[in-house]
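Using the sequences plus the hints, can you model the full thing?
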Amino acid sequence: MATYCAICNKKAGILGRKQIRDGYICTDCFYKCKLDMDMSCFSVNDIKDRYRYIEENREPFKNFIPTIKIARLFEVDENSKLFRTRKGAECFKFSDIVNFELYEDGDAVIKGGMGKAVTGGLLLGGVGAIVGGVTGKRKQKSVVSNMYIRISLNHRWVKNIRINLIQTQLKRSGFLYKEVKKSCDNIISVLETITNKQRGEEVAVTGTVSVADEILKFKELLDMGAITQDEFDKKKKQLLEQ
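Residues in the sequence shown are numbered consecutively from 613, following the working numbering.
It should be emphasised that the hints constitute simulated quantities derived from the structure, not laboratory data.
Taking lysine-lysine and the DSS-like style, the derived pairs with C-alpha atoms no more than 30 Å apart in a straight line are: (1) Lys790 - Lys699; (2) Lys644 - Lys771; (3) Lys674 - Lys693; (4) Lys693 - Lys681; (5) Lys693 - Lys794; (6) Lys681 - Lys699; (7) Lys660 - Lys674; (8) Lys644 - Lys681; (9) Lys705 - Lys693; (10) Lys753 - Lys723; (11) Lys794 - Lys681; (12) Lys705 - Lys771; (13) Lys646 - Lys771; (14) Lys699 - Lys809; (15) Lys699 - Lys630; (16) Lys849 - Lys829; (17) Lys790 - Lys681; (18) Lys847 - Lys829; (19) Lys794 - Lys705; (20) Lys794 - Lys783; (21) Lys646 - Lys723.
Ranges of calculated distance between the beta carbons of each label pair, as one might list FRET restraints: (22) Lys623 - Lys660: 18 to 24 Å; (23) Gly635 - Lys809: 40 to 46 Å; (24) Lys674 - Asp842: 56 to 62 Å.
Ideal Cβ placement from N, Cα and C applies to all residues, glycine included.
Next comes the structure, spelled out in structure tokens:
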């Protein structure tokens, strides 16, 4: 019995189809989703929402103008507050970043992100200047076989993205490793700058809300007759000037 795609109603061949929560989708519809992950947790409505998301963001993503480029690994549009891992890849907002980690041969050697400073690492020279911590306590091997940066996201469709840096054995003393490490340091530095700015914006918003709450409290005291209009005005001025 033939199986049909739950999205386009075309035949979904046994080799290319992907199972979703309430049926199957064909190869074409899967590629249109632009999701490299297990699809079984998504429903037909989820897939349609994903298509709408892609269409709604086509123009902003198309107008992505990188102000920072690091090798062919990472690009940032500071004006639009967007980033992507390579040209043509899906763009994400600065505010989507939850945290980031650098993995070296299976070990997390650098951690950073919203709500915490970068820890670990031995970023010597270049843009990054982070010394000590986790990596400083580890005995470094002379050869590295695998290195990547994982960025965790607060995003409906993509929970994390991975920037592969090393996928074959390289000597730490070699030219190629040093060039890759330089790009890695620069990416980590940019990610730390982005998350620091986001953290600063959140603190600013929180501070504004606290002042507003304080003014509201004194307004309630004024309405109750507990303080005079003159006392309220003075306190309000004092709070706004903090």
